[in-house]
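First to last, the sequence lines map onto chains A and B. Each residue of the first sequence is one higher than the one before, counting from 401 in our numbering. Each residue of the second sequence is one higher than the one before, counting from 8 in our numbering.
Honestly, the hints are just simulated from the structure, not real lab data. Please note that a few of the clues may not be correct.
[Said to hold, decoys possible] Residues from chain A that face chain B, not an exhaustive set, calculated with beta carbons under 10 Å:
1) L459
2) R460
3) L464
4) T499
5) S501
6) L512
7) I541
Each residue gets a CB set at the ideal place from its N, CA and C atoms; glycine is no exception.
Below, each chain spelled out in residue letters.
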Amino acid sequence: MKRADVGVGGVLVVLSVLLFWYSGRYQDVAVHLYGPDLFPRVLAAFMIVLAVLLIVNALRGRSLKKEDRIDPRGFIRVLVAIGICIGYLVLTNILGFATASFLFLFVLMALLRQKGILLRIETSLVVTLLVWAIFRYFLVIPLPEGIFI
Amino acid sequence: MDWYLLLSAFGKVLLNPINFLFVSIGVTAGIIVGALPGLTATMGVALLIPFTFGLDPIQGLVMLIGLFTGGIYGACISSILVGIPGTPAGAATLLDGYTMNQKGMAGKAMGMAVIASWFGGTIGALVMTFASPQIAKVALKFGPPEFFSLAFFGLGIIITISGRSILKGLISGIFGLMLPLIGFDPLSGAPRFTFGSMQLLGGITLIPALIGLFGYSQVFQGIEKILILPSVKTELKNLIPKLSELKSVLGTMVKSSLIGVFIGAVPGTGTDIAAFVAYGEAKRASKNPERFGTGVLEGVAAPESGNNAGAGGAMVPMLTLGVPGDAVTAVLMGALTIHNFQPGPMLFTEHPEIVYPIFAAMILAQFVMLFVGLGGARYFARLINIDRKILTPIIFLLCVVGSYSMRFSFFDVGVSLVIGILAYFMNYYGYPVSPILLSIILGPMVEQNLRRSLVISHGDPTIFFTRPISAAFIFIGLFIMITSYYRVRKAMEKDSRKATG
Chain A
401 MKRADVGVGG VLVVLSVLLF WYSGRYQDVA VHLYGPDLFP RVLAAFMIVL
451 AVLLIVNALR GRSLKKEDRI DPRGFIRVLV AIGICIGYLV LTNILGFATA
501 SFLFLFVLMA LLRQKGILLR IETSLVVTLL VWAIFRYFLV IPLPEGIFI
Chain B
8 MDWYLLLSAF GKVLLNPINF LFVSIGVTAG IIVGALPGLT ATMGVALLIP
58 FTFGLDPIQG LVMLIGLFTG GIYGACISSI LVGIPGTPAG AATLLDGYTM
108 NQKGMAGKAM GMAVIASWFG GTIGALVMTF ASPQIAKVAL KFGPPEFFSL
158 AFFGLGIIIT ISGRSILKGL ISGIFGLMLP LIGFDPLSGA PRFTFGSMQL
208 LGGITLIPAL IGLFGYSQVF QGIEKILILP SVKTELKNLI PKLSELKSVL
258 GTMVKSSLIG VFIGAVPGTG TDIAAFVAYG EAKRASKNPE RFGTGVLEGV
308 AAPESGNNAG AGGAMVPMLT LGVPGDAVTA VLMGALTIHN FQPGPMLFTE
358 HPEIVYPIFA AMILAQFVML FVGLGGARYF ARLINIDRKI LTPIIFLLCV
408 VGSYSMRFSF FDVGVSLVIG ILAYFMNYYG YPVSPILLSI ILGPMVEQNL
458 RRSLVISHGD PTIFFTRPIS AAFIFIGLFI MITSYYRVRK AMEKDSRKAT
508 G
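Input sequences plus hints: build the corresponding full structure.
Here it is in structure tokens:
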């Protein structure tokens, strides 16, 4: 995991330095001795030390072995799923929660290659109705409505 | 310990059919969540919290407690039946439970697991009920330095124990401490790190963050790697072990329960560690330790009573001190805060009307679990066969709904998703997620008490060491951290020697 460790360590160092510097703007707001800048700076300092240790460890070859690899095709599936989710969030306001949720479930199951289109329709329908009913009648929490419910 | 309040709380929970129903729903849902690999009790509680918003606080909380109880037991179902733990708490049970299954004794293993869980859970609930008020009384004397040291203690332990690399655990922990910095600084009123965004003024909302850490990350893993589990075709017969067998494991159960409560009560260590330590101790103290692993009843009884007892134990520091005993209690703490109850010693003096029903619910939940577990074993067994291609999208939907419902905010959904993606990668690169959870919860406690203490002492940091309780927490914490570090180092070296030698 050497490259990952060095990469993450590097990013952490940069971000922590930025954090340290940015916290400086809160210095004058300090009412007491130790103001809103204290903790962020302490944390940033710790993080820099840790990140440097991580990089050093990695360069000395003492990184842990990767226990599990990310499956590339699976990862693309995840990205697509996130895209589907974003689409769902947009559609919820246009089509309404229940309709969008039904589509969301249906498309996700299709993405995972779930066999049996009838079962897919049934399950998406039942779950959507259940969740919608619980929120509408039981908890009385409003969900977005659009053209449909 | 106010007996009148406790008994009337029992009455409220037992005799009111709605409350009783909620406990039962919680327990059943918990068993299901615990039994399904890929769903954890922590995730279950985090996802259920938004569903409790419209409910009366007692109804919501007793349901969550039921879910906690059921979930810790449910983990053993898939451990025993398919050899994969449903939740980390059930990992130790598979050592003997799965072997018993392979020898055709799955029914007895399941039955033993329920009974042991009930036994341990009841002991844990009783300890929680009777010890908490006393501890709260002591905690009333705590001041800012004590709370700081306590938070330091809890964080230190979870960092040292989790994951394969303490360095990465520390990085997770420190990162988690940074997240609550966004938003209003309570001590000075200044908004921090909001970059002009209105949405960030309130900071990162807790429940969406939890759903991100434990919900979305698991969903993404489930989408990436579509798990195919061996299907369960075992016939479950003869669930209840013979009386003589039960008598023989009684001693083990008692000891494991006490170990479990104690470990659960230590902030940061939870039900999974309790299960393993209870198993290890039962094996060590046994007259025939070599039989452990071949499918002996004690090998199931010990971890199952240990982990359920640990659940009760973990509630103690959460309720009395506001420091969660494990991940699930950390989420439960969030639930209490949402309903405007602040966990900590003041909870006992200001809101006994919520504390005693919690005690009653915990005790009641054990009995509900006993009946539901024994009665429903066959059905739960078949539940494991659910197609994950159907389950994963459903959980995804619940995550979205859950992260939205806190503030009716799509922004929260977005934050939750981002944290979920982060946690997903963290899991692959060896960064443990538990320290982030505890840090998010304890972070504000750490910072505010640190600053308050320094104000009290006029900038003198020795205040943490001159006050006895505070010093005790710091030193015991450091001691445990250092010894854990060496133990982990030794174990890692032993592993690498085994691999090369």
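Out of the numbered hints, which ones does the structure contradict?
The structure conflicts with hints 1, 2, 4, although it agrees with all the remaining ones.
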